[in-house]
Structure formats: C-alpha cells, structure tokens
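Asks: These are the residues of each chain, in order.
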Amino acid sequence: MKKALVVFIAVLFILPVALFAGGAKEQGAAASGGAEKFKVAFIYIGLPGDLGWTFEQDQGRKMIEEQLGDKVETTFVENVPEGPDASRIIRQYAQKGYNMIFATSFGYMDPMVEVAAEFPNVYFEHCSGYKTADNMATYFGRMYQARYLSGLVAGKAIGQGESIGYVAAFPIPEVVRGINAFTIGVRKVNPTATVKVVWTNTWYDPVKEREAAVALLDSGVKLIAQHQDTTEPQKAAQERGLVSVGYDSDMGKFVGDSVLVSPKWHWGSYFVKTVQDAINGTWKTHSYWGGLKDGVVQLSDFSPKVSQEVKDLVGAEQKKIIDGSWDVFWGPVKGQDGKVVVADGSKMADGDMLGMNFLVEGVVGSLGN
Amino acid sequence: MRLVFEKRNSVSKKAIILVPVVSFLVSLILTGILLIIFRTNPFVTYASMFVGAFGSWINFTETLVKAIPLMLTGIGVGLAFRLRFWNIGAEGQLVFGGVAATWVALFWSNFLPPFLVLPTAILMGIIAGALWAGIPAFLKVYLKVDETLVSLMLNYVAILTAQGLYYGAWIDPNGMGFPGTKLFPKAAWLPRFSGRAHVGLFIAILLGLVMWVVLNRTKWGFEVKMSGHNPRAARVMGVNIGKTIITAILVSGAFSGMAGAFEVTAISHRLQQGLAIGYGYTAIIVAWMAQLNPIASLFVAVLMAGLLVGGDQVQMMMGLPAAMGIVLQGMILFPMLAGSLFTDYRLKIITKSTKEEAV
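Sequences listed follow chains G and C, in order. Each residue of the first sequence is one higher than the one before, counting from 1 in our numbering. Each residue of the second sequence is one higher than the one before, counting from 1 in our numbering.
Hints are supplied without guarantee of correctness; some may be wrong.
Think about it this way: if two alpha-carbon atoms lie no more than 27 Å apart in a straight line, the pair counts; the simulated DSS-like pairs of lysine-lysine are [what the hints assert, rightly or not]:
# : chain 1 : residue 1 : chain 2 : residue 2
1 : G       : Lys131    : C       : Lys186
2 : G       : Lys156    : G       : Lys188
3 : G       : Lys131    : C       : Lys219
4 : G       : Lys208    : G       : Lys196
5 : C       : Lys225    : C       : Lys243
6 : C       : Lys348    : C       : Lys13
Worth flagging that the hints you see were computed from the coordinates, not collected in a lab.
With the sequences and hints as input, model every part of the structure.
Replies: As structure tokens, this is what we get:
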C-alpha cells in the first residue's frame, strides 16, 4: 500500500518535469530578443471571444503586430473589473517596463489617471473617456454616425409605428448618443416608430444582456438593437424569428442573416499610427474622435434580407455625412418631451455631444434608473 | 472493499504540520499538470505568481491592500463560526459598512470638524455592519429562523441597496452619468503608508491580537467557546446563550463593516462598483484555514491575498486565459481544505478478509 503511494507521488512529480520541455521552449521563444521591442499592453473588460467590443479592440491589437512586426510586442489581460482593481493591473504593466498601455473601457479612466501620474515615461491610451494628461490620451469614434445609418435600416424593417427594443449598458453620454442617433435614423423613415430602452448597467454580461432582450421581446418589440459587448441580444431576437441590428463587430457573421447590419469599430489604423508615433518620439497627448470619414467607425455589410432600395438610401445618407454636408445632430432635434433642443439650422457642438444627457423624441425610457 | 472515515481519537502534532505541507505539495502538482496541458511551464508560472504577490515591496503592498479586508472579515466570520452561527453575510455587512461610511463622507463633511469626519465615517461603518449582522442574529435567537439563509440573502439586499444609491440618489452629478458617487473630501481619506496600503493594516493586526486575548482570556470569550462547543453544558453553567450569540454576531458584523468603511475611505475614495468583489465569501475560507483563530487569520489573509494578486500574473505574464487564474486559485485551495479533513479523520479501507489501515 505504502509502496503504491510512493510510486504514485513520484509519478506526479516526474510527469510534469518530463512533459514541460515543450512548454518551456515556447516560453523561451516569447522571452527572447525582447530588449529592443516597444511593449504594448491592453486592458480588456471582457474576453476577445465576446465577438463584440473586446473582439474589435483585440483585432486592432493584432493589426499592430501585423503592421509593426518585430518592432513591437503586445499582450493583453482580460476580464478586468472597472474600479479599484484596475489600477493595480495598469500599474503592474507600467512597472514591468511596458511602454504603452491601452485601457479599453470607460471605467478605467480614473485608475489610469492615477497611474499615469506615477509613470511619466509610459504612454497611456484610454478609450471613451474625457480625462487626459501629458502622457495620457483618449481615443474614441463618432459611432453615432454609423448608428444613425443602422437606424434607417431598422426603421424600414418594421411596420409603421411599431416599436424597437434597445438593450443598453449605462446611461452615460456615449450610450445616450447612440440611442438618440439610432432613433433619429429610425424616425426619419418611420416617423411614428418608438425605441424602447432597457439598461443593464453592465458592459459585458451575456446572461443579463440576453434577459434584457427577452424582456423587450416579451413586451412586443419587432426588432432588437443594442449597446453591449456580446451577440446575446442578437441571438435572442433570432430565436424568436425576429431581426436585429448589431453593434461593435459585424455580428451577422457570428449570428446569421437575422442581423440586418451592424455599426462596427475598426481600431487598427488608429492603433498603428499612435504606436508608431510613440516609437518615433512624436507622440503628443490628444483626444481622438474619428468618424465614418476616418474609417474608425464603419457600417458592416448588409444581410441579404436588406433590399436594394434601403441600401441605396443608406449609401446616400452615408455620403452626406462623409463629405460633411450633413451630420446627425444638426437641427432640428427634439427632446423626448417634444421641445426643440437643437434649433433648425444650428449644429450641435462636439462638447455638447460628448456630454449628451437627454433622450430624443421617440425614445421610450429614461436616463434615471 | 469499502472506505470509511474514522474520527481520530487525538490529533497528532505531526499531522497538524504535515497535512498542510503535503496538501500544498499535492495542489502544486495537480496544478502543474493542468499548466502543462496548457503548454506552460509550471515552475515559471509559480515563480511569477510568487513574484507578483511578494516579489517586491510595491507588489507586496498590493497584496496587503487585499489582505486587510480579508483579515477583518476573516476574524469576524471566524468569531461567528465559533458559535456555530453560520454567518455567510460578511459580504453584505462589508458593503453596508461601506455605504454608511460613504454617507458620512459625502453628507456630514460640511457639519463636522475635519478631524472628526474620518473617525465618524469608520464608526458609522462599524455600526452599520453590526446592525446588518444583527438582523439574522435576532431572528435566530428570538424566532429560531435559520441564520445561513437570512445572512446570505441580506448580502443581495445590501449590494443592491448600494447599487441603487450610486446609480441613483448619490450619483456624481459631474460623472457624465457613469455610476459612482463623487470623490470624498480629503478629510474622509484614510491615510496610506506605502503605495495603496493603508493604516487599516495596523488596526486589523491590533484587533486580531485583541480578539485572541478576548477569546482566550475573558469570561465572554469562554462563554462564546462553550456556547458553540456544547450549548447544553453552557446553559447548565448559566450562560445566556441568546445574549452571547447576539453580542458575538454584532461584533462579527462590526469587523466586516469596518472592512467596508476602510475600502471606501482608503482605496476607492468613493462608493462605486468594485466594492462587493467577494471578500466576504473568501473570508469564510480564511476563517476555516485559520481554524477560527484570529491571529492565524491575519497570516492566512495575507496568503489568500497573495493568491488573488499572484493570480493576475497567470494572465498578464504567462498569457493564459483569465479563467485559468481562477482555476489555479481553486486548485490550490481545494487540496488544502480537503487536507484538513485528514487531520481530524483517518481513512480506513475495510476488505472482506483483512482490515488494513491506509496512510
């Protein structure tokens, strides 16, 4: 009995030693030749496998590796909660000699400001916030432009005066802007349609996202749109035989033709440029807010379910936005109560858009919880 | 052939030391096998976990940041468990303590002299934690309601109450709609002594020592022990068990409430998401691993915190998925907890012909 036990323990010990030769080699390869490389770290709120928000950030990271090749080394950490824990993770990368750190969610802003002050020689890039420092920039995109275009598609896909469900994360300006732009698009082609909003108070929670979509579907909405990190709301709509509008990535690829179109992100070009600037020493702090014109926000390919007529309409509107002859929040824009917020002939300033805290006419829901 | 557990008549000194060491080795081996499956060198991984948690002073301060709430909640939960009062509610008590401290920091600062803001905030956190723990205690003593369920359910009530506040009534008007209260005034910040490690550490250590003395050298401590170990004998000796339970659970909740007050005043400086991240549940593991001993809880809390902080490295440096960090933590704890079974019991293999003892 005792002998058997000794053998068992010996095997447990020897097995790892015998097997890890393969693993060790890989580790060695990753570590070698790293001295000269520009090291970039990404902090993710969810998983690259969410097929949405983090997936697209990670596509951008991969593009850095593809385009800058040997000059850079990138890594990422996933599932980092917003709040005090984030500052530990960001600080650890700064300490380990990473040259540039991307924090890819709004709630990392204050922790990043805190760490950026401690490491003046490290470049910090924060997505979707509003605080910057000499060594901390912020980057984001005018997603509202693509949202508006997707609203046109959605408004055409439902009957006159029917309602759309919108699964939304937090009542912060970024999300509010998206809801409003989408609704403006919907009502342009379907003037009596409404958009019902449900807040999940989370960016990434597949279960909650699905539950919110199901609740909306139960209330009789005919189409699902969303501002979340995963494809769950799209799947919930598809299971009911209904169509949806995606977000973040080309969700039609992952879910199916029921996703009519998706406003999506394309970070790679911006990432490559800002990393290259840092390598060259020409990096300066900035607040990047690119739009359809710059390609950082895009509209995905259409599902076969979308008619040529709708595609042509979207194409015409997209052209106007890209050439600058019109934009989504140009007056007249009416608030939920019907009062004019942006007068006819005036344009909403970037600053007002970045702090948007009202809902437009046609949205059912409120900013309070 | 059959396997039976037989309670050991006496626990040998050797077993007390040997069992944890062997369990730790077993957990390293099991985890090592898993790491190899993921084509990662276990030795490098362990080394990077250790370095991440204890390798430098700065890393160690981050481990302490997590250890402080674990110490306090671990001591508090341990006290309740001595009475066989299954307080699963440390998480909610911690959150409620944080809410009460926030209330003081946000709304009393204008009325109180600055030097009183912080002590009042922490005191209110302690009281709130105690009261929150008091609910299951009173229900148990006077109405015989099961405390496990009540204390567990109250966690959700506390967490959702806190959310209701920082999403709604207490939301920072300049926070662009993002959930969270505004920053506390500086008068309500608990001082940090290095990195983010704060003076709560010294208070926690002091309270751990005090608790040990109280439990082992006072009448009340004796009554707690008696009431938990042998309630009938305690009653015969004239101990008022109900009163003992209520006082002990109020103290238990006070520890967690203080942990919550420290978290908001020293770490986040506001009430926001990220307060309820499981300290109150990890406290249960801390209390058991420390065998309900408050001084041992201090050390176990540092180890557990090291495991949590070191777990980050698995992702950051070894490039393993986030879930692996959590799996590793579980794989390391499991044999440790299973091991404690063997300190108190022996495994017997009974065959038809012979009766042979194993291990």
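Asks: Between Lys348 of chain C and Lys13 of chain C, is the straight-line Cα distance small enough, at 27 Å or below?
Replies: The hint holds at about 20 Å.
Asks: Check whether the Cα positions of Lys225 of chain C and Lys243 of chain C lie no farther apart than 27 Å.
Replies: holds, 14 Å
Asks: Take the C-alpha atoms of Lys208 of chain G and Lys196 of chain G, compute the straight-line distance between them, and say whether it is at most 27 Å.
Replies: Status holds; Cα separation ~17 Å.
Asks: For a C-alpha distance cap of 27 Å, please report whether Lys131 of chain G and Lys186 of chain C respect it.
Replies: This hinted pair holds, its Cα atoms lying about 21 Å apart.
Asks: Hint check: Lys131 of chain G vs Lys219 of chain C, CA-CA at most 27 Å. Holds or violated?
Replies: Judged against 27 Å, a Cα distance of about 57 Å means the pair is violated.
Asks: Below or equal to 27 Å on CA atoms is what counts here, so check Lys156 of chain G against Lys188 of chain G.
Replies: holds, 10 Å
Checked against the numbered hints above, the structure violates only hint 3.
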